[in-house]
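K.L.:
Respectively, the protein sequence lines represent chains G and B. Take the first sequence: its letters are residues 1 to 114, numbered as in this note's numbering. Take the second sequence: its letters are residues 115 to 228, numbered as in this note's numbering.
To be clear, the hints were calculated from the coordinates, so they are not data collected in a lab. In this text the structure is predicted, and so the values were computed from the model without any measurement. Be a bit skeptical, because a hint or two may be false.
[Claimed, not checked] Restraint ranges, calculated between C-beta atoms of paired labels, are given here:
1. R64/G to T191/B: 40 to 48 Å
2. A2/G to N155/B: 44 to 52 Å
3. R9/G to T220/B: 20 to 28 Å
4. H124/B to P8/G: 24 to 32 Å
5. K78/G to P193/B: 26 to 34 Å
6. S142/B to T112/G: 12 to 20 Å
7. L39/G to T169/B: 31 to 39 Å
Every residue gets a Cβ at the ideal spot worked out from N, C-alpha and C, and that includes glycine.
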Amino acid sequence: GAGVSQSPRYKVAKRGQDVALRCDPISGHVSLFWYQQALGQGPEFLTYFQNEAQLDKSGLPSDRFFAERPEGSVSTLKIQRTQQEDSAVYLCASSLALTSYEQYFGPGTRLTVT
Amino acid sequence: AQSVTQLGSHVSVSEGALVLLRCNYSSSVPPYLFWYVQYPNQGLQLLLKYTSAATLVKGINGFEAEFKKSETSFHLTKPSAHMSDAAEYFCAVSDRGNTDKLIFGTGTRLQVFP
Numbered sequence: 001g002a003g004v005s006q007s008p009r010y011k012v013a014k015r016g017q018d019v020a021l022r023c024d025p026i027s028g029h030v031s032l033f034w035y036q037q038a039l040g041q042g043p044e045f046l047t048y049f050q051n052e053a054q055l056d057k058s059g060l061p062s063d064r065f066f067a068e069r070p071e072g073s074v075s076t077l078k079i080q081r082t083q084q085e086d087s088a089v090y091l092c093a094s095s096l097a098l099t100s101y102e103q104y105f106g107p108g109t110r111l112t113v114t
Numbered sequence: 115a116q117s118v119t120q121l122g123s124h125v126s127v128s129e130g131a132l133v134l135l136r137c138n139y140s141s142s143v144p145p146y147l148f149w150y151v152q153y154p155n156q157g158l159q160l161l162l163k164y165t166s167a168a169t170l171v172k173g174i175n176g177f178e179a180e181f182k183k184s185e186t187s188f189h190l191t192k193p194s195a196h197m198s199d200a201a202e203y204f205c206a207v208s209d210r211g212n213t214d215k216l217i218f219g220t221g222t223r224l225q226v227f228p
């Protein structure tokens, strides 16, 4: 079956531009997570959705970062006025339910801010 | 708060040799622990997980890990390395809070020499 997909796979943005990153989770998965992976580092949590509700956004680094999942399936991570420090791989993961403890990751979007 | 520490950012082994990747955790609650593998330009794939059942956990591709509470460790092993095992490996702990977000270590890059 289809896994988690993300688009675009690569994005180059000039500093100050807005970007939108898309995540298509596995069909039927209730939970959706966004992580940020800087070069040479492990992924770091950004935000969590249970269906359409954003229950945790404690990892978003600034108010320039915004995420939504309006219909409880596809999610979009938006970064406004991009800065060089936003350059990273953005990973999306989904899981069947809150207590399933198994997250399935997409291939990520590599964002480069120039 | 939960955290994991991976000892050794790089590990090199010969093909056929034992693979040992180290992970120590810190957790205020009984931990749920995970090992993920990441191949270049791909997302993370779950190798195995510990969720308080058997302390010796077997995963995919011949990997296994043993949960040792007394040592707060969850080291990953494989008896005989294969060239295809070359990748980045991440240990993670679930926060087991409202979101079950994962807290990752900084990763260990495994190189396998012929």
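K.L.:
Against each hint, give a clear statement of whether it holds in the structure.
P.N.:
These are the hints, each one checked on the structure:
1. Between R64/G and T191/B, the C-beta spacing of about 42 Å keeps the proposed range 40 to 48 Å intact.
2. Separation of A2/G from N155/B is about 19 Å and departs from the stated range, judged on CB atoms against 44 to 52 Å.
3. For the pair R9/G and T220/B, the beta carbons lie near 24 Å from each other, so the given range of 20 to 28 Å is met.
4. Between H124/B and P8/G the CB atoms are about 31 Å apart, so this pair conforms to the stated range of 24 to 32 Å.
5. Distance hint check for K78/G and P193/B: the Cβ-Cβ separation is about 46 Å, which falls outside the suggested range of 26 to 34 Å.
6. A C-beta distance of roughly 38 Å is found between S142/B and T112/G, which places it outside the suggested range of 12 to 20 Å.
7. Taking 31 to 39 Å as the suggested C-beta distance range, the pair L39/G and T169/B conforms, at roughly 35 Å.
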